[in-house]
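Q: In case you want the letters, here they are:
There are 2 protein chains.
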Amino acid sequence: MEYALAQASAAAERGEVPVGAVVVDSAGSLVAASGNRVEELNDPTAHAEMLAIRKAAGMSGSLRLVGYSLYVTLEPCAMCAQAISLARIKRVYFGASDEKSGAVENGVRLYNDPSCHHIPEVYGGINAAKAKVLLRDFFRVRR
Amino acid sequence: MEYALAQASAAAERGEVPVGAVVVDSAGSLVAASGNRVEELNDPTAHAEMLAIRKAAGMSGSLRLVGYSLYVTLEPCAMCAQAISLARIKRVYFGASDEKSGAVENGVRLYNDPSCHHIPEVYGGINAAKAKVLLRDFFRVRR
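Taken in order, these protein sequences are the chains called F and R.
Following the numbering used here, the numbering of the first sequence begins with 1 at its first residue and continues without gaps.
Following the numbering used here, the numbering of the second sequence begins with 1 at its first residue and continues without gaps.
Isolated chain F, as found in the complex:
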C-alpha cells in the first residue's frame, strides 16, 4: 500500500486526483502500478486501478489474474470494481472509503450482488488516513 500511496502522491503532482494502485502476483511480486491519469490521457476511464489491471494483464499474458492482489488507495468505483471482478483478482486492499462514488462498501456494493460472478476478498481501511490526507490536500487547493 505504501507504493500505491506513492503512485497517488505522484498523481497529485501531475494535477490528477490522487489515487494510486498496485497489482502483485500470487508470490507477492509487483506486476504493475499506476496513478490516476484521467487528465494526462484525456480518458475518463483512466483510473489507477484500470491502468494497473491492463498493465498486469499485459505483463502476465493472461486475461485472468488468478491469485493476484490489487492495492488501491481509494475504494473502487463501479467501473473499477467490475474490472477487478472481470480480471479474476483474488484480493482487493483499499485505503480510504469513498462515500460519494465507491461501489464496494458504498453505492451499489457490487460484490454483494448476485450478478457479480467473481467476488474478490476485500480488505478496506488499509492506510486510510494517508490516502485521505492526499485527497483532502488536493481538493483543498482546487475547490
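Honestly, the hints are just simulated from the structure, not real lab data.
Wrong hints could be hidden among the right ones.
Below, computed lysine to any residue pairings styled on SDA-like, alpha-carbon distance capped at 25 Å [stated by the list, open to error]:
1. F:Lys132 x R:Ser115
2. R:Lys90 x F:Ser101
3. R:Lys100 x F:Arg109
4. R:Lys90 x R:Tyr111
5. F:Lys100 x R:Ser62
6. R:Lys55 x F:Arg37
7. R:Lys132 x F:Lys55
8. F:Lys55 x R:Lys55
9. R:Lys90 x F:Lys132
10. F:Lys100 x R:Asn112
11. R:Lys100 x F:Arg37
12. F:Lys100 x R:Ile119
13. F:Lys100 x R:Lys90
14. R:Lys100 x F:Asp113
15. F:Lys55 x R:Ser115
16. F:Lys55 x R:Gly61
17. R:Lys55 x F:Ser62
18. F:Lys100 x R:Ser101
19. F:Lys100 x R:Arg88
Got chain F; can you put chain R on it based on the hints?
A: Using the frame of chain F, we list chain R on its own:
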C-alpha cells in the same frame, strides 16, 4: 445500431464475444466505433463500449462527451455502465438485454442508484433480435 451490429459481427469473426459499440456526437456524426477486443488485446477491460468511449474522448479532446450518444448491441455491464456515466454520455441505446451480466436493467441497475452522479437516458431493446442471434450463434459453436 446497424453499424454497432457490424462491429459485433466483425468481433465474432476475430473470435471475440460479438458485441459492438458506436459513439456519435450531438449532431449525430460518428465519432468512434469498436467491437469487443478482450482476446486480441489480452485486456479484460477491452469491452466494445470502453474502447469506443476512450476513442471518442481522444477524438473530441474532452473528458466529457456532453450531448453524445452511445449505441451498443448488448446491455452494458457495471464497468461499462459506470464508464458511460463518467464520460457524461447523454443517451444509451442498447440491443439485447443481458440477464447474466447487465447492470442497467439487470443486476445492480447502476443508473437507479443514488450514488450514480450522471444518469444517461436509456433506450433498450433496439435491434435486440439481431444482437441476440449473433451472440447465440457465437456461443453455439463454442460451447
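Q: Next step is simple, just say for each hint if it's right about the structure.
A: Consistency of the hints with the structure:
1. A distance of roughly 20 Å separates the Cα atoms of F:Lys132 and R:Ser115; the hinted pair therefore holds under the 25 Å criterion.
2. Annotation: proposed proximity of R:Lys90 to F:Ser101 holds, straight-line Cα distance about 19 Å (limit 25 Å).
3. Under the criterion of a C-alpha separation no larger than 25 Å, the hint pairing R:Lys100 with F:Arg109 is consistent with the structure, at around 17 Å.
4. Annotation: proposed proximity of R:Lys90 to R:Tyr111 holds, straight-line Cα distance about 12 Å (limit 25 Å).
5. Pair hint F:Lys100 plus R:Ser62 holds up; C-alpha atoms about 23 Å apart against a cutoff of 25 Å.
6. Among the hinted pairs, R:Lys55 with F:Arg37 is consistent with the structure: their alpha-carbon atoms are about 16 Å apart, no more than 25 Å.
7. Using a Cα cut-off of 25 Å, the hinted pair R:Lys132 and F:Lys55 is violated, with the two alpha carbons roughly 32 Å apart.
8. At most 25 Å may separate the alpha-carbon atoms for a hinted pair to count; F:Lys55 and R:Lys55 meet this at roughly 19 Å.
9. A threshold of 25 Å between alpha carbons decides the hint, and for R:Lys90 with F:Lys132 the separation of about 32 Å lies outside it, so the pair is violated.
10. With a C-alpha separation of about 15 Å, the suggested pair F:Lys100 and R:Asn112 falls inside the 25 Å cut-off, and the hint holds.
11. A hinted pair counts as satisfied when its Cα atoms are at most 25 Å apart, and R:Lys100 with F:Arg37 does not qualify at roughly 31 Å.
12. The straight-line distance between the Cα atoms of F:Lys100 and R:Ile119 is roughly 15 Å, inside the 25 Å bound, and the hint therefore holds.
13. Restraint check for F:Lys100 and R:Lys90: satisfied, since their Cα atoms lie roughly 21 Å apart, inside the 25 Å limit.
14. Taking the CA atoms of R:Lys100 and F:Asp113, the gap is near 12 Å; set against the 25 Å cutoff, the hint holds.
15. Distance check on the hinted pair: F:Lys55 and R:Ser115 sit about 28 Å apart at the alpha-carbon level, beyond 25 Å; violated.
16. Restraint check for F:Lys55 and R:Gly61: the C-alpha separation of about 24 Å stays at or below 25 Å, so the hint holds.
17. For the hint pairing R:Lys55 with F:Ser62, the CA-to-CA distance comes to about 24 Å; that is within 25 Å, so the pair holds.
18. Between F:Lys100 and R:Ser101, the direct Cα distance comes to roughly 24 Å. Compliance with the 25 Å bound is thereby established for this hinted pair.
19. The suggested pairing of F:Lys100 with R:Arg88 holds, with an alpha-carbon distance near 17 Å, which does not exceed 25 Å.
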